[in-house]
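K.L.:
Here are the chains, one letter per residue:
4 protein chains.
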Amino acid sequence: MSHQSQCRPLSTHPFDDDKLHEECGVFGIYGTEDAAAHSVLGLHALQHRGQEAAGITAFDGKQFVTQRQLGLVADNFTSEKLIGTLKGDAAIGHVRYSTAGGSSIRNVQPLFADLATGGFAVSHNGNLTNAWHLRRQLVKHGSIFQSTSDSEVIIHLVATSGCHTLLDKLIDALHKIEGAYSLVTLTREGLMGVRDPLGVRPLVLGKLGDAYILCSETCALDILGARYERDVEPGEIVIINNNAGVPTIRSIKPFEQCNPRPCIFEHVYFARPDSLVDGLSVYDVRKRIGAELAREAAVDADVVIPVPDSGVPGAIGYAAESGIPFELGIIRNHYVGRTFIEPSDQIRHLGVRLKHNANRWQIDGKRIILVDDSIVRGTTSLKIVDMMRQAGAREVHMRIASPPTRHSCFYGVDTPERSKLLAARMDIDEMCRYIHADSLAFVSIDGLYRACQQENGRQMDRPSYCDACFTGDYPTHLTDQDQEPDLKQRAEITALN
Amino acid sequence: MSHQSQCRPLSTHPFDDDKLHEECGVFGIYGTEDAAAHSVLGLHALQHRGQEAAGITAFDGKQFVTQRQLGLVADNFTSEKLIGTLKGDAAIGHVRYSTAGGSSIRNVQPLFADLATGGFAVSHNGNLTNAWHLRRQLVKHGSIFQSTSDSEVIIHLVATSGCHTLLDKLIDALHKIEGAYSLVTLTREGLMGVRDPLGVRPLVLGKLGDAYILCSETCALDILGARYERDVEPGEIVIINNNAGVPTIRSIKPFEQCNPRPCIFEHVYFARPDSLVDGLSVYDVRKRIGAELAREAAVDADVVIPVPDSGVPGAIGYAAESGIPFELGIIRNHYVGRTFIEPSDQIRHLGVRLKHNANRWQIDGKRIILVDDSIVRGTTSLKIVDMMRQAGAREVHMRIASPPTRHSCFYGVDTPERSKLLAARMDIDEMCRYIHADSLAFVSIDGLYRACQQENGRQMDRPSYCDACFTGDYPTHLTDQDQEPDLKQRAEITALN
Amino acid sequence: MSHQSQCRPLSTHPFDDDKLHEECGVFGIYGTEDAAAHSVLGLHALQHRGQEAAGITAFDGKQFVTQRQLGLVADNFTSEKLIGTLKGDAAIGHVRYSTAGGSSIRNVQPLFADLATGGFAVSHNGNLTNAWHLRRQLVKHGSIFQSTSDSEVIIHLVATSGCHTLLDKLIDALHKIEGAYSLVTLTREGLMGVRDPLGVRPLVLGKLGDAYILCSETCALDILGARYERDVEPGEIVIINNNAGVPTIRSIKPFEQCNPRPCIFEHVYFARPDSLVDGLSVYDVRKRIGAELAREAAVDADVVIPVPDSGVPGAIGYAAESGIPFELGIIRNHYVGRTFIEPSDQIRHLGVRLKHNANRWQIDGKRIILVDDSIVRGTTSLKIVDMMRQAGAREVHMRIASPPTRHSCFYGVDTPERSKLLAARMDIDEMCRYIHADSLAFVSIDGLYRACQQENGRQMDRPSYCDACFTGDYPTHLTDQDQEPDLKQRAEITALN
Amino acid sequence: MSHQSQCRPLSTHPFDDDKLHEECGVFGIYGTEDAAAHSVLGLHALQHRGQEAAGITAFDGKQFVTQRQLGLVADNFTSEKLIGTLKGDAAIGHVRYSTAGGSSIRNVQPLFADLATGGFAVSHNGNLTNAWHLRRQLVKHGSIFQSTSDSEVIIHLVATSGCHTLLDKLIDALHKIEGAYSLVTLTREGLMGVRDPLGVRPLVLGKLGDAYILCSETCALDILGARYERDVEPGEIVIINNNAGVPTIRSIKPFEQCNPRPCIFEHVYFARPDSLVDGLSVYDVRKRIGAELAREAAVDADVVIPVPDSGVPGAIGYAAESGIPFELGIIRNHYVGRTFIEPSDQIRHLGVRLKHNANRWQIDGKRIILVDDSIVRGTTSLKIVDMMRQAGAREVHMRIASPPTRHSCFYGVDTPERSKLLAARMDIDEMCRYIHADSLAFVSIDGLYRACQQENGRQMDRPSYCDACFTGDYPTHLTDQDQEPDLKQRAEITALN
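Keeping their order, the protein sequence lines are chains S, W, V and R. Using UniProt numbering, you'd call the opening residue of the first sequence number 1 and step up by one each time. Using UniProt numbering, you'd call the opening residue of the second sequence number 1 and step up by one each time. Using UniProt numbering, you'd call the opening residue of the third sequence number 1 and step up by one each time. Using UniProt numbering, you'd call the opening residue of the fourth sequence number 1 and step up by one each time.
Derived from the structure by calculation, the hints contain no laboratory data. Please note that the accuracy of each hint is not assured.
[As the list claims (entries may be wrong)] For each label pair, taking beta carbons as the anchor points, the in silico distance ranges come out as: (1) V:136 with W:137: 53 to 61 angstroms; (2) R:418 with W:334: 56 to 64 angstroms; (3) W:477 with V:136: 36 to 44 angstroms; (4) W:483 with V:189: 27 to 35 angstroms; (5) V:207 with R:300: 46 to 54 angstroms.
[What the hints assert, rightly or not] To be clear about the criterion: a stretch of chain W counts as covered by chain S if any three or more of its residues have a C-beta under 8 angstroms from a C-beta of chain S, and this derived list gives those stretches: (6) 40 to 46; (7) 65 to 74.
[To be verified] Some residues of chain W that are not near chain V, with every Cβ distance over 12 angstroms (derived): (8) 133; (9) 136; (10) 152; (11) 239; (12) 249; (13) 255; (14) 325; (15) 471.
Quick reminder that beta carbons are idealized off the backbone N, C-alpha and C, glycines included.
Next up, chain S with everything else stripped away, as it sits in the complex (with noise of 0.2 angstroms):
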């Protein structure tokens, strides 16, 4: 089990709170001027994976500089003088999910670490399964951790290592590691990207003229202009340095095998709508998983209402499917501060309107169908539906745009843990009945390959996916649950600033 589960968001919203949560973005660029004012663009784009912190390493042939802010890049990281201080043309970034309270930009990335190969700096999604493990022997042989992130320990196993350049420091420490690892890195050398041999979490590679950038996600190029070029490959590293004055790049595969799982939920929830992930248009899979749905669990209505926002593409594939017209019936209300704090005991039933409001005029006297991408505590679907209902819904239909989610993630998301998952604890009907709806109706898991497997109305072979969080199906060994599940008690600091 991952030991960030015990941290708690900076602010959470009456319904972000019940969605699962992808833990980070990396970013980085080689080769161009105010490569951290990219990396500032590039981290905003990608804010959606992480919103509780980020941070940024430069590199200008002498010095490496890191800027690390609790909150939003867009509030943090765009003063000119900050900015000023990133200088070069080499930068790699982060932004991550889940900071503790007050507790700590240390456990902000990048991670920086002054070796004898010189100054190694890494960004890191994703979660390692055996970091405890590993992490016990390091201490024993003198590493002294600063912070209780997982990912330090990749850092560690870098600066311990035998090897002799740092290339071969990185592939020595990659072996000993497991889990789910998309990394950034920044060196004297050049920028390198490593994708984890199963490909769980994303990385793209695009071209801005000359430069190259390694991302979590295409719409990070889109942001500046910038052209996409392929998947970074599950087991690939790639190596992005100076030729000559030109920018280049190079491939190493140093694993043997490599079977590629990629996250299957970042098209159901994290990736952001306008991007491309695997390959695919993140709209047109959701589109079609709401198509999908409609054919699985047809149903009688009068109007198709998505669960703003991310419940949108799946409702408008859904109405096109059904012939039932689409409509806004949830307003959200975009002024909700990110530090909104709940107001006194007597008005505080009143939460969830903070953010949404019934159209009621779209609603009264009519039935349903509510679509969502996924139900996780279903604290947030029952409230949704009761206000379908105070705002006069004759009938309210639940249509889920992903199967069940029953087990959690040990891959760099956020989920709680299983007892608090509405479909751990309970079959379909039972999960009806406690959100109050007519009907409730996930896709099925061959619904959703279908709908991934399908390019510009092409059929393709089934892909093969992580989908450990609805089948229970991990693709890697679970060392630290399996051996060392009090071992994260050790850590004895607590540096609250």
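Since the structure of chain S is provided, determine the placement of chains W, V and R on it from the hints.
P.N.:
Only chains W, V and R this time, still in chain S's reference frame:
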């Protein structure tokens, strides 16, 4: 011309920047515990009517306490500590759009005066057209103004009236002022709501248990679970006070003549889509405008794409009427900080992409119809059309769900000077070329009225609206414009905080 | 009674807490570039007269700009950006002691009004004794008060005066007010200084090149390298304006009769020791009080120890006269934050040691004479005597360089209610026992006058002072005390920010 | 050369700017409830040893919690909330002088490591002279440094030691380091205090009930009402832990040879006058230096004036010995903000007056003797002499209560480069002319030793001090100066926050 026109909002976003802005929302509640906490929620629901500052005055039977804050309600009005200072079962509040830079918390409403008849607090939505003329007279009499707000004229007219009761003083004052005003006032005796004889700005009445609520839009009732009773009528004063422990209401109509001319732009853009304005569902009106537009300005295309978020209902209406599929072709980044500072010079031209991204996989190679609610300066339309072309759009047809905006508003809307209004400078062909579109069409003024003229499918009589921004037909004198064009520069104070 | 007495200072320190506090310092300058920057320095030198808030109004020939800040001048008035908003060659400023918690920037001076004769700014040091009486009349007339400050009465009296020129309006207003006031005003025409007919609060005139300066104490001239010209006389109006490009000065005496009664407590505690007040060096007066005390209340002892910092000159005078060595027996911690919050309950009793420590190696086993300037509540004297005993003092003799403080001040000093003044509740023997001293003596009222009666060794005529805090002999009517004791509670506004 | 020398303090004041600065104070307590709250008070009393940052680590039997803050203890360590996170009956703390601008909370101590033997926290006062040499070796071994602080070397040496117990690891580390260090450490087992074999920096032991305290100066005991027990001896390790519920102490002396050389500048300037250092009252030593100076460098004059505050005891001693009256001729403005920003260019030359003012009525026409503790760059002395002349002084004789400061310190004091030390560039006549004095004299090195050689009037043997700043006689190797002069530039990280 309104003196506020020189004020600059604290922050502007790439798109909002190029919209007209409603300047205020008002709220009042009488007869419930925690009146201030209810006001916080009500103002939060009205936040779209003014984001720059908010204030609440509460009365606990002994003392009036006022809290004013720059920034969003959800960010600044939710600490238990602050709410704890606002005791009592009666309160009024205000959100406002424009408060110049550091200047000044003094302009933030509610205004308050300690009159000979006792405390008097007032929230004002609208703009007076003879404020500077009256101010000159009041200063001669010895009145000291603390702000440059036209609203302060009202309170000085009340203070210096020769009448004896507060109600008579208020009526005396109302007969002197010209322009648009929806007022909510709070005194020792109770709550009052006032709407000018034209009813330019909206004001609705609701009930929550025994308590009465006055507010700008019905969405502020919904958030509290309150019931919509009726609109306050043009020229009506609604008086709510305590009768044997129960809040009671009475109505006065002090004006001889009232010719209702409510603002039609509330339907086009200002009001929230889930509000009922003048008895009409705003969402439905906008969909019908979209449908009118589809009939008036049909074009052969592959997809209908809304400019988010205000163009969405119009686009749904257009798509339904035309049979062309509705798709989300522009994805909004929800994490654009309200305090976003643009990055360094080199990448400043990327500005528009900070907030929106083309969903290129829906656009590439297609003929698209873009639906937006209005064109003000045209700068944003240009950027969006260009963004669509860069994403591969084959043709871009712009359709606008309102007539061309050709005239300034003097009734409480922050309009740019006429010379900056694109439609005041160019005909439609020139505008089309300016924004790089393949075609451009606006709904006709008749089409707009038709969309406002129907409810539940039933055609009604043509209503009477203030449509001066489209037609130049101003329904009041513009005294300050005619007589005191430079008077506002006489105000010598600039209190920076 | 002053309405400010209900205000609590933002921060109090163990010792300062138990002092009387001057409530304000004023400053004005006319005829130099960077008038505001000079005002910042002048106010900084006057900071001991008021630490809680400061303000500056500058006039650049076109516009009046005011900046008001809570907190210290040196913390809040030194950014180039803020100073850059205060343009022009004329400015006035103000520091004030008491501004309640968050309430309110509105009470911070200078006050400003946009009168029919043009802009009018005023800084006031002192307190009016008929402010509430006048306020009631003004409110009836329709004046709207923005603060609960008595100073605002002055500006409304000016605004509503039937006279035609500003000067006549001001004189008209002065004839209506009672109490203590040293005013500095700024208008389009120039700078004025006004001192009430008794001259209770100080006001001096200085020159810096051609420019004129008006300020509360000469230390504000020293910081600018300006020359002390003379005191503004009781009942005098000094008018400084431009005559053919050169600042010129003239004097008006609008009162028939002036009986000077300057505040004697300025010499005892308020004024800085390096200032000249009423033509006397404050440091010399305090040393002479110490010498009087040594003659009046000799005691056999080993060391004379000042209570820092205000007791130092008295202790030097006492030591020189008595021949007993002067030693620093109490060391002050200069790092006590202005925002110090006391730690948890268990160690709260250690409070006094946060700011001072006994220099025990000078005290252990010795008979000590402690010299302090005054005793207000007595709580601090008790703590210091106890601290001396814990450090091993064999005997502790307390000597106070002023007579017992037995009466409240109504002229601009923040005095506790009479019932809290130790000397109003106890005779000297009781006070001695209360503070745990071996002996206690105060200088006599005659001894105090003798110390104020001499300059350069030359005996002068006995001057006339306001010594009401010692004697109860108030030199003015106390209209509000007599007629309107509870009127101040009528003010219904509490604007928290 | 110390790598910190490139750091700039957050704020500098006109006078402090031209002083040498002690870089740190340390504190530890074991065996009392609220250990952290006690540490706050202790660190507050040591604040003069470092104003820029502070930190506390507490241990509650289960977990180590650390809080680090930039700024003063009294401003940042007194909220109940923050103190509430620091539970337990054992804690250590640290105040430090120099932390560059935004860089970095990482350098703020206590340092902490989660070692194989458990948590280990350490506070360090002093400076190692072979830190960079050792750092190079540690990095080769795979240690990752998080700061550029020399103190971090100690903790990595402990972590990588081959010994088995923490105590053996620590002793192993101590044998590798050179330079000055007084350490306080906290582990699961208890508290330790370590002083280097020369005892350059002070460390004292005290008791409060059963609890033990280790701290830099006795004033940190006084604030808690604790009893001074003894100094920790040069080369001693004091170990405090729990024995059957009672804190017990034992002592280890792991070094073969210890030649005490405590820093003599503690007496001259660093230590608080109310502290006992090396068994001597600092205030008495300073008075005796003043008396030596009066004997060595007599001059005919009217008054003796201290440069506040550090010159006061020397001036009292000088005045008493010479029979010339002691007067406060320079008045300090206590309200100089810690964040003072100098005003605009035109008046910047007035800088020195922001903090001090000549008490001109004591100076005009007189021959004055100014007494200060030391001259560093000389810029302040020049300004003060000029200020005295502008106030009318007839003659100005400068007397310095220490020998000329001619050499840099490598043991934990922030000294300017040698080339900036006035006494390293000029002889005394040149210095006298440079500061515009009529005469200038320093106490002799013998006079200084005589003043340190006496207690209670009894002459003692001449003690042995580190006086390298006066004599250049460094008592340790300066390995980094000799072997690794540019190594510190190898550190590639600049983590800005």
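K.L.:
Hint by hint, say whether it matches the structure.
P.N.:
Right, here's what the structure says about each hint:
{"no.": "1", "hint": "V:136 with W:137: 53 to 61 angstroms", "result": "violated (25 angstroms)"}
{"no.": "2", "hint": "R:418 with W:334: 56 to 64 angstroms", "result": "holds (58 angstroms)"}
{"no.": "3", "hint": "W:477 with V:136: 36 to 44 angstroms", "result": "holds (38 angstroms)"}
{"no.": "4", "hint": "W:483 with V:189: 27 to 35 angstroms", "result": "holds (28 angstroms)"}
{"no.": "5", "hint": "V:207 with R:300: 46 to 54 angstroms", "result": "violated (36 angstroms)"}
{"no.": "6", "hint": "40 to 46", "result": "holds (count 4)"}
{"no.": "7", "hint": "65 to 74", "result": "holds (count 3)"}
{"no.": "8", "hint": "133", "result": "holds (15 angstroms)"}
{"no.": "9", "hint": "136", "result": "violated (9 angstroms)"}
{"no.": "10", "hint": "152", "result": "violated (9 angstroms)"}
{"no.": "11", "hint": "239", "result": "holds (20 angstroms)"}
{"no.": "12", "hint": "249", "result": "holds (24 angstroms)"}
{"no.": "13", "hint": "255", "result": "holds (24 angstroms)"}
{"no.": "14", "hint": "325", "result": "holds (52 angstroms)"}
{"no.": "15", "hint": "471", "result": "holds (37 angstroms)"}
Going through the hint list in order, the structure does not satisfy hints 1, 5, 9 and 10.
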